[in-house]
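Student: Each chain is listed here by its residues.
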Amino acid sequence: MMEWLGLVSASTYAKDIDFVFDLILWITMSWLLLAEAVFFYLILRFRKKAGVPGQYITGELKSEKRWITIPHFAVLLFDIAILFFAVKVWYNVKQNLPDAPDRQTVRVVAQQWAWTFVHAGPDGKLDTPDDIIKVNEMHVEVDKLYHFQLESKDVIHSFSVPVFRLKQDIIPGRVITGWFTPIKTGSFDIQCTEICGIGHALMPGRITIETPEQHAAWVAENSTLAVASATVR
Amino acid sequence: MSASPIATTRTAAGMPTGRLAVWWVIASEIVIFGGLLGSYIMFRLSHDAFAAQAAHTNTWIGAVNTLVLLTSSLFAVLGHKAADAGDGPKAARLLYLTAGGGLLFASIKFLYEWPHEIHEGFTISSGTFWSFYYTAAGIHAAHVIAGVVIMLIIAPRAKRNLDLHRVELIGLYWHFVDVVWIFLFPLLYIAK
Amino acid sequence: MATAPASHSDSHGHAHHAPGFVEKYFWSTDHKMIAMQYLFTGMAMGLVGGFFAYTFRMQIAFPGVDVPGFGVVSPNEYNHLITNHGAIMIFWVAMPVLIAAFGNYLIPLMIGCDDMVFPKLNRLSYQIFLLSALILIGSFYVPGGGFAGAWTMYPPLSAKPEYGLTPLGSTLFIVAVALEFVAFLMGGINFVTTAMNSRAPGMRMYDIPVVVWMIVVASILFMASVGPLIAGAIMLLFDQNLGTAFFNPDKGGDPVLWQHLFWFFGHPEVYVVLLPAVGIVAEIITVMSRKKLFAYRTVLYTTFGTGVLSFMVWAHHQFIAGIDPRMANIFTITTLLISIPIAEMMFVYIATLYGGSITLNTPMLWALSFIAEFLIGGVTGIFLGASGTDIYLHDTYFVLAHFHYTFFPIAIIGTFAGLSFWFPKMFGRMMNDTLGKIHFWGTILPFNCIFIPLFVLGAAGEHRRIFDYSLFPELARPELRHLDQFATVALLIMLSFQLVFFYNLVTSLLWGPKAEKNPWQSNTLEWTADSPPPHGNWPVLPTVYRGPYEYSTPGRDQDFWPQNVP
Chain B
43 MMEWLGLVSA STYAKDIDFV FDLILWITMS WLLLAEAVFF YLILRFRKKA
93 GVPGQYITGE LKSEKRWITI PHFAVLLFDI AILFFAVKVW YNVKQNLPDA
143 PDRQTVRVVA QQWAWTFVHA GPDGKLDTPD DIIKVNEMHV EVDKLYHFQL
193 ESKDVIHSFS VPVFRLKQDI IPGRVITGWF TPIKTGSFDI QCTEICGIGH
243 ALMPGRITIE TPEQHAAWVA ENSTLAVASA TVR
Chain U
665 MSASPIATTR TAAGMPTGRL AVWWVIASEI VIFGGLLGSY IMFRLSHDAF
715 AAQAAHTNTW IGAVNTLVLL TSSLFAVLGH KAADAGDGPK AARLLYLTAG
765 GGLLFASIKF LYEWPHEIHE GFTISSGTFW SFYYTAAGIH AAHVIAGVVI
815 MLIIAPRAKR NLDLHRVELI GLYWHFVDVV WIFLFPLLYI AK
Chain W
41 MATAPASHSD SHGHAHHAPG FVEKYFWSTD HKMIAMQYLF TGMAMGLVGG
91 FFAYTFRMQI AFPGVDVPGF GVVSPNEYNH LITNHGAIMI FWVAMPVLIA
141 AFGNYLIPLM IGCDDMVFPK LNRLSYQIFL LSALILIGSF YVPGGGFAGA
191 WTMYPPLSAK PEYGLTPLGS TLFIVAVALE FVAFLMGGIN FVTTAMNSRA
241 PGMRMYDIPV VVWMIVVASI LFMASVGPLI AGAIMLLFDQ NLGTAFFNPD
291 KGGDPVLWQH LFWFFGHPEV YVVLLPAVGI VAEIITVMSR KKLFAYRTVL
341 YTTFGTGVLS FMVWAHHQFI AGIDPRMANI FTITTLLISI PIAEMMFVYI
391 ATLYGGSITL NTPMLWALSF IAEFLIGGVT GIFLGASGTD IYLHDTYFVL
441 AHFHYTFFPI AIIGTFAGLS FWFPKMFGRM MNDTLGKIHF WGTILPFNCI
491 FIPLFVLGAA GEHRRIFDYS LFPELARPEL RHLDQFATVA LLIMLSFQLV
541 FFYNLVTSLL WGPKAEKNPW QSNTLEWTAD SPPPHGNWPV LPTVYRGPYE
591 YSTPGRDQDF WPQNVP
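Residue numbers (our numbering), protein chains in the order written: chain B, 43 to 275; chain U, 665 to 856; chain W, 41 to 606.
No lab work stands behind these hints: they were computed from the structure. Keep in mind that the hints are not guaranteed to be accurate.
Derived pair list, reagent style DSBU-like, types lysine-lysine, alpha-carbon separation capped at 30 Å [said to hold, decoys possible]:
1. W:K291 to B:K195
2. U:K745 to W:K160
3. B:K130 to B:K186
4. B:K195 to W:K200
5. U:K856 to W:K557
6. B:K91 to B:K104
7. B:K90 to W:K200
8. U:K823 to W:K160
9. B:K186 to B:K176
10. B:K226 to B:K104
11. B:K226 to B:K57
12. B:K90 to W:K477
13. W:K557 to W:K160
14. W:K477 to W:K554
15. W:K291 to B:K91
16. B:K176 to W:K200
17. B:K90 to W:K554
18. W:K64 to U:K773
19. W:K64 to W:K477
20. B:K167 to B:K186
21. B:K130 to B:K107
22. W:K557 to W:K477
23. B:K91 to W:K557
A few chain W residues that don't get close to chain U, going by computed Cβ distances all over 12 Å [to be verified]:
24. T233
25. M275
26. G292
27. V348
Computed spacing ranges between beta-carbons, pair by pair [said to hold, decoys possible]:
28. B:W68 to W:F542: 24 to 34 Å
29. B:L76 to W:E202: 45 to 55 Å
30. U:I817 to W:G345: 20 to 30 Å
31. B:K57 to U:A715: 40 to 50 Å
32. B:Q191 to W:V529: 16 to 26 Å
33. W:A84 to B:W68: 53 to 63 Å
34. W:F80 to U:N825: 54 to 64 Å
35. U:Y776 to W:L511: 32 to 42 Å
36. W:F344 to U:L738: 30 to 40 Å
37. W:G345 to B:K186: 32 to 42 Å
38. U:T675 to B:Q137: 32 to 42 Å
Only a predicted model underlies this, so the values are computations on that prediction, with no experimental measurement involved. For glycine and all other residues, C-beta sits at the position ideal for the given N, C-alpha and C.
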């Protein structure tokens, strides 16, 4: 459904999340239509007619209860099916943390009201003088597995990249790590999705997913600046 | 309209309305204190520094206050017995003794224990342990004082053999206040 | 069984005097008057909450517009409007109207006694409630402005003045909420004690009308869940004002602790408001279809089961909040499981319609629409309860559309259903049914036009609590902006149709045809009292002989059999 709405799928797990969404959509819409159809049918069929009294049905007889218990179990079965796929996706995105080297680790520091992204510089290591620090811009290379490390300087923020279908709240006092692998190049929205004060809507970010050549060029271009700004920092 | 409606006198659930109501109040208080103490326990288990601060509470004063509160509960029980037997004046005397115990508890805490701790630099903003300590013990003490006030309202009427059933009700509440302290004491004073 | 006691006035030790205007309308201990106080205060707060919705929807649809009746909406004002819209609708509209107004009005009447068990405590609970409402409104006008950190009040934003920029407003907000909790704890004492103890002779547990059961269970759920949040509110208040360290990470505190305390209450709370609404629907559909409630005992046990389960799902609000990801698996399972008893309740109501003789008047239209709309709310919850999809949908408009498809049926449809049904009893006059139907369609159709687009917008990535989407290229697309505008226009239409309701309300109160005792030919006890009932409700309190849903019983000339008729 998301692709139909025009949303790009730019991470390896975006399509998995979309799949679970579509699965739930089909199941719930079928149930909804069935229930509403029965509901409206009964209203129309049993409208008050002269001389036709209501029926005396207690709902306590087994034959009557069956009309409730059978749908009951059907709902349970569908719930279990949905759970299976949902937990699978959850495990992959949130519990799993495949390894990634430093050069594919970005520190994301959220504050009122901006994002600071710390990328490893040409030396491929984080927390060295040649780190590339950008405000509101994140640059990554396509088809590489990245870790992100989320920190907040003040209140709770949330790191959200809709094209990845990724979201993770950022709690001050902790470092929260996650992963993604981008699969499409381009420039996309980063949102803060936890109300963080007056500027909550005023801290959009951009993530730029680059080909290996583009990314190498970007690193090179920004590294001299990085060294210079590091000595000034 | 000073007379109660007929509704108050019915007992379809098999329990007088006053007692049912007090149990309801106690249940809601259990959830409030439960939330507070549950949070305290969670913090304590995950932060060693937290436990280190607990070493600075005065276990002896805590023990004395526990004794004071338990003794006052004894008076409350005896008061209930007297009320059941129809002896209003005796019930009132015992209620006054219970209230006295509550006041002694509060005095020891507010006039000696807390000033001492604050003087030593342990204030409510000194860290998470002390935040919990003053908040939990403070809310408990507020309930002690509320209980004392209610007793001072019930006792004069009891002395004239009026509304003797209320002696049992405030006794119930008082036992609850006691039980909360029985949880607070080990958590704040003994576990070091 | 004891015979019903003699006239109420005989049980007083003093002469029965007629109360003056002030005593009757502002100092009464009569449960019916207190119910009216809650009802009208709740409706007034509903106007405030509705006005806020109008204002912020205008801002979203037409960013920067000078909103008629308000002015230009600044970012902080926007956050303030959405914060208070949510808090008002839940705490100062849904709860007072559904629980306190209908509970106070119906419980003594439906169980056959003369008032609540503790009338003075009842009066005090309303006064504390009113105080909480006044403090909330007052918080809008203090220096720094009212609280603007969302109704969920997450710290550190809500705890540290330097972050939220509303120091006094934040404190007043939490004080108002805490007082509201105290008012409802006090109210609960009356609801539970009266329903359990003061039933008419002959009324066994299974003879109690469903709506009374629902309000009792709701009160118990409320009491059992609000405690930790009251503790949390005190902790937040101290963090705000005394420099304590409960939620402040700089001093060793944990912001996520607040979330647990909040949602441990927050989730049962939705059932606290759902149950009375569901109860109201049960009363109406049985009367209007002349049918026994299908499987009454199943309804009760399902309700108890839902109540218990509701305590085990809270962290589905926190899947991506920084909790241990393994915990999410437990909560996604419990959350999807709770869909089963709720679905069961809906199935039972639909089954009740089978074989009925259905009259489609205004109360019945509202009751039926509750089922139709709540089904949508229920199924869309699955997307959010499934942890895998919640990663994407959390904090988007999908969530908002889901909870409006549950809350709107609960608070708005439930209220209009109950009000149109019990209006004759409460005020002694009939409401105009044609105007009622116009109001109904003018509310329901626009309602769907508001919130279906929001599901689509949420799925497209539109996140919440944003006053202007122009900085987000993926969301600033014209197709999405048009959907937001469509929703806002639908809201304007829906709000206009509420004028029909107010016109109907006022003209019916003043000039409506006089109502008889039992215009709907219902079985329950309140319909045996005068319309409206006097102080004390009946000169002679009734005795009960059977359950409340003996409609169309074979072998009788009438298709109903009132509970008090042998």
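Student: Hints the structure violates: just list their numbers, smallest first.
Tutor: 5, 7, 10, 15, 18, 19, 21, 24, 25, 26, 28, 30, 32, 33, 34, 35, 37 and 38
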